[in-house]
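Construct the entire structure; sequences and hints are all you get.
Line order of the protein sequences matches chains U and L. My numbering numbers the first residue of the first sequence as 1 and each following residue consecutively. My numbering numbers the first residue of the second sequence as 1001 and each following residue consecutively.
It should be emphasised that the hints constitute simulated quantities derived from the structure, not laboratory data. Heads up, some of the hints might be wrong.
Calculated pairs, DMTMM-like style, for lysine to aspartate or glutamate (alpha carbon to alpha carbon, straight line, at most 25 Å) [as the list claims (entries may be wrong)]:
| no. | chain 1 | residue 1 | chain 2 | residue 2 |
| --- | --- | --- | --- | --- |
| 1 | L | K1045 | U | E101 |
| 2 | L | K1098 | L | E1003 |
| 3 | L | K1098 | L | E1015 |
| 4 | U | K18 | U | D38 |
| 5 | L | K1091 | U | E62 |
| 6 | L | K1091 | U | E30 |
| 7 | L | K1042 | U | E1 |
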Amino acid sequence: EAQVTQNPRYLITVTGKKLTVTCSQNMNHEYMSWYRQDPGLGLRQIYYSMNVEVTDKGDVPEGYKVSRKEKRNFPLILESPSPNQTSLYFCASSRMARDTEAFFGQGTRLTVV
Amino acid sequence: RKEVEQDPGPFNVPEGATVAFNCTYSNSASQSFFWYRQDCRKEPKLLMSVYSSGNEDGRFTAQLNRASQYISLLIRDSKLSDSATYLCVVKPSGATNKLIFGTGTLLAVQP
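Next up, the structure:
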């Protein structure tokens, strides 16, 4: 089954404790991105990757890192999480950057206390 | 001004009703437009693309008005299963990598 898989689905952590949210897609898609969704603000792009070893900042990259060592995986790293990073996070992929349909993972609900 | 604006709702309608949502966008050079559907606590999924000539998919009709910079989604004969948040999405011109999402319009279809 074609899918984008995120883990964990739910996470409660403390301020400053490094964490990684994994994202993996099995569709051989070139383009992957991370979004956060907050009430009243919609989905905002954090980082994106056009292909392996090619990543760039989205609209809200502060406090986040990403890597793209393999085509299928695009982890999101929070080196020192803060409470304002409490949010619902989605990973998405598309066959190519210019493709119109994005496939989303099931989301990770992160709470930083 | 937000790049993509939607009425958050909720729109409460009875089964069988026709309901319409509008969405406005600020960048007149935007090139592509979509409606995504998001069920509660779930991921967004593409509902339909929006073309200049308008397009229809079963009970759903999407239209684009470039002059007034808005897109619309019409749902006929609403079903309980249509209850969800509908996200207006715009791809700006020249940006091959970005989708700009509205905050969504919540639809609740009542039995």
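Against the structure, the hints come out as follows:
no.: 1; hint: L:K1045 <-> U:E101; result: holds (9 Å)
no.: 2; hint: L:K1098 <-> L:E1003; result: holds (13 Å)
no.: 3; hint: L:K1098 <-> L:E1015; result: violated (36 Å)
no.: 4; hint: U:K18 <-> U:D38; result: holds (21 Å)
no.: 5; hint: L:K1091 <-> U:E62; result: holds (23 Å)
no.: 6; hint: L:K1091 <-> U:E30; result: holds (18 Å)
no.: 7; hint: L:K1042 <-> U:E1; result: holds (18 Å)
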